[in-house]
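Trainee: Residues per chain, in single letters:
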Amino acid sequence: MTTSRNLGVEDATDVRAVPRRSVGQKLLSSGTVLALVVLILFFFLMRPDVFLSFTNVKNILYQVAILAIIAGAQTIVMVVGDFDLSVAATSALAGAVAASLMISGWPIALAIFAALIVGLLIGLANGLLIAYVNLSAFVATLATLTSVTGLAFMVTEGTTLFNLPPEFNNLGQGKFLEIPLPVFIAIGISAILWFVLRFTTLGRRWYATGGNVEVSRLSGVNVRRARLLAFTVAGFVSAIGGVLLAARLGSASAVQGEDNLLFSVAAVFLGMTIVRSGAANLVGTMVGVAIIGVMSNGLNILGVNAYVQQVVTGLIIIAAVTLSSLKTRER
Amino acid sequence: MTILDGATDPTRLEPRPALEAREITKRFDGVHALENAGLSVRPGEIHALLGENGAGKSTLIKVLTGIYAPDSGTLLRNGEEIEFANVRVANHAGVVALYQELSVIPSISVAENILLGDQTPSRGGIVQWKTLRRRARAQLDSINQKIPLGMLAGDLSPVQQTMVAFARALAMDANVLILDEPTASLTDTEITDLFAVLRSLRDRGVAIVYVSHRLEEVFELCDRLTIMRNGQTIVTKDVADSHIDEVISTMVGRNAGELYPDRGTATTTVALTAKDLDGRRVKDVSFEVHRGEVLGIGGLAGSGRSELLRILSGAQKHSAGEITVGETTLPKSPGVPRALAAGIALVPEERRAQGVILGASIQDNIAVANISAVSTMGVVSGARITDITTRGMRDLQIKARTPRQHVSELSGGNQQKVVLAKMLARKPAVLLMDEPTRGIDVGTKAEIYRLIRRLAEAGTAVITVSSELPELIGMSDRILIMHEGRISGEVAAAEADEEILLAYCYGKADAHDNLS
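So the protein sequences, as listed, match chains E and D. Residues in the first sequence are numbered from 1 upward in steps of one, following this note's numbering. Residues in the second sequence are numbered from 1 upward in steps of one, following this note's numbering.
No lab work stands behind these hints, which were simulated from the structure alone. The model shown is predicted, which means the values in this text are computed figures rather than measured ones.
To be clear about the criterion: a stretch of chain E counts as covered by chain D if any three or more of its residues have a C-beta under 8 angstroms from a C-beta of chain D, and this derived list gives those stretches:
1. 196-203
2. 207-217
Anything over 12 angstroms on all C-beta distances counts as not near chain D; from chain E, calculated:
3. T55
4. V57
5. L61
6. L121
7. P165
8. L181
All C-beta atoms in this analysis are idealised placements derived from N, C-alpha and C, irrespective of residue type, glycine included.
Turn these sequences into a full structure, and let the hints guide you.
Mentor: Below you can see the structure in the form of structure tokens.
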């Protein structure tokens with residue numbers, strides 16, 4: 001991670017950051033946003049009857065809801081200048097814990113609560129290792145990723161847990177106004193995280209720490225606590241994503257949602273390109289999530305197989321980030 | 001006084017320049033960074049390039065080394081017109097610039113650093129280690145340096161790293177060397193060594209362009225000087241024919257006037273007491289500073305002066321002793337947040353690494369140190385941030401387009417003002433400043449001295465560490481000198497001269513008696 005970055009306050013929604021340019025112009029000047037627009041146009045032109053239909057847009061949102069939550073968790077950690085390889089594993093463990101407790105007769109609410117606490121504790125452990133034991137984020141979260149996955153296998157006994165209570169499954173499969181509940185939950189969580197990052201002292205401290213650790217420390221920011229909190233929140237939020245994923249699938253296994261690790265990092269990276277300073281920011285992350293979602297859905301509609309989709313996803317990331325860095329070099 | 005004139009042919013009158021730039025113009029976004037700027041360096045001279053921050057020195061250097069292509073103007077190498085498409089071309093032509101921060105690659109050995117890239121001897125892609133070491137040794141020998149070839153460059157002292165960078169430049173057959181602030185992080189003895197090497201290179205016929213804010217060094221070392229202002233070359237002349245005051249006023253473009261404001265009268269109210277402080281280097285340090293007083297702390301590099309400030313600011317732990325602010329005695333090793341809350345604020349030594357977040361805006365930088373002041377119940381108010389920022393920018397006359405401009409785009413002096421603004425917004429009772437004017441231009445220096453005095457008059461106790469003795473004498477009311485972690489002398493600034501201070505710096509406890 002670079003040491004000098006912005007406090008992210010001038011994110012994509014901020015008109016005043018650069019005078020003489022509107023929000024629209026600013027967004028379009030980013031390769032990433034341009035990539036999203038091009039993708040949407042492309043799929044729309046290929047399948048004008050299907051792609052932008054209400055049902056399909058709803059599908060896209062449903063498909064990316066859980067990724068959006070996990071990518072939100074990743075954003076926080078990347079704002080502080082670190083990253084977290086254990087987000088997806090944590091979410092899988094949380095889903096497994098909730099499922100296994102419910103199967104053994106715990107009330108739904110209590111099982112969910114326990115799962116979220118498990119996520120929080122994993123995040124706390126990451127934070128302690130990184131901020132206080134001074135392990136690198138790579139080593140610490142790689143280690144927790146390994147152990148947490150092992151724990152998830154122990155909880156599920158290597159199988160897939162199903163026959164979960166229908167009220168629980170309803171959380172992931174139910175609808176309100178024709179729109180699946182996870183979409184609302186994802187929007188709610190994103191809005192909260194956006195608010196925290198942008199408007200609270202905690203968010204300020206996170207961005208300052210990611211900008212320059214030593215400057216922040218000498219300015220009176222408790223840098224260790226800021227990093228600890230970032231990982232803890234990320235663990236907690238990942239667990240929410242995991243519980244929701246179990247509810248949506250109606251089952252829990254040790255490896256479900258594995259893709260979300262790479263996709264969450266990719267979404268944050270894509271999002272970092274939309275601000276001048278190159279800092280992680282939530283609006284950008286959501287643009288990144290949208291790119292990944294649109295692409296996977298569009299390629300599905302065109303009948304492209306999943307393996308090819310993965311290849312294309314990587315290429316799109318390279319293209320969008322390259323476009324943005326070309327712009328920076330011009331300046 | 002010879003005004004540099006590209007139209008006349010200088011070769012008849014003086015030795016042919018090794019490198020000459022004529023009527024160079026360079027615009028960025030329509031703004032002139034250079035306008036008919038010129039520089040002419042002869043073989044075998046050390047040529048100082050002077051000017052305030054923003055005068056165009058860096059841009060000119062970048063044109064000379066192929067980093068920027070000029071919009072118009074000509075470069076001449078040994079009298080022949082030449083174009084540098086990029087840095088590599090310039091290097092091949094023997095023109096090499098050494099920048100402080102990028103002088104060596106810390107993770108590889110000294111020998112590899114000296115023969116980097118194309119220079120690495122290899123056969124069929126296999127590195128010829130014996131040849132590499134022999135050639136690297138030869139280059140080091142030629143500048144009389146005995147640095148172990150196998151050591152990692154990152155383990156070397158700053159001056160050794162500079163020497164390795166020289167050796168690398170020589171390995172590239174450089175005979176025009178451009179040095180940007182080479183002494184910024186060196187101690188006095190290291191500077192002496194560096195100067196000896198520079199003089200020997202000059203005597204071998206190397207042309208050296210020397211950029212520095214330390215005019216004393218320029219007068220000690222250089223043969224000629226060129227002064228730039230507002231992107232233009234103002235004058236080139238022999239150092240022997242120049243006077244320091246005249247150089248300063250040419251740089252500033254007006255009479256420098258009195259650099260230091262008049263001293264004030266300190267009160268007798270104690271603002272801060274340090275009692276028996278012990279740290280890694282600091283030993284048994286006790287002193288008091290009063291409200292309204294400017295206390296200067298001097299000493300050689302490594303004497304513990306910076307560590308003392310860091311301990312007082314809570315940034316570094318101490319093993320024994322007590323810090324009292326006003327009536328409150330701080331707990332041991334209080335940490336920055338508690339020290340700040342007690343009213344102690346630090347303007348750190350390394351502006352870019354410790355003072356400002358370069359990639360963040362002015363207002364975000366100021367907000368970092370004032371988070372609780374601009375928030376209610378954990379929620380930050382954008383209006384209050386803008387408010388304290390505009391006030392800080394006005395009070396300190398920070399030159400920037402908007403409070404949202406990135407700090408990386410500001411000049412060094414304005415960056416330093418941002419650091420000051422963020423700490424002053426806390427209205428500290430005790431302001432600690434470590435090298436407050438390092439690397440900033442004369443005009444801004446004078447502004448900062450006046451600001452320090454204004455703060456003192458308003459009742460702040462100011463403690464400043466400086467390695468420049470004239471500055472220490474000029475801006476302080478009272479001076480403490482440290483030697484090997486202890487306070488070796490105390491002098492009222494009005495009675496101080498450099499000789500006494502220097503004697504204390506070298507730990508001669510009876511200096512005052514002998515000299516007075």
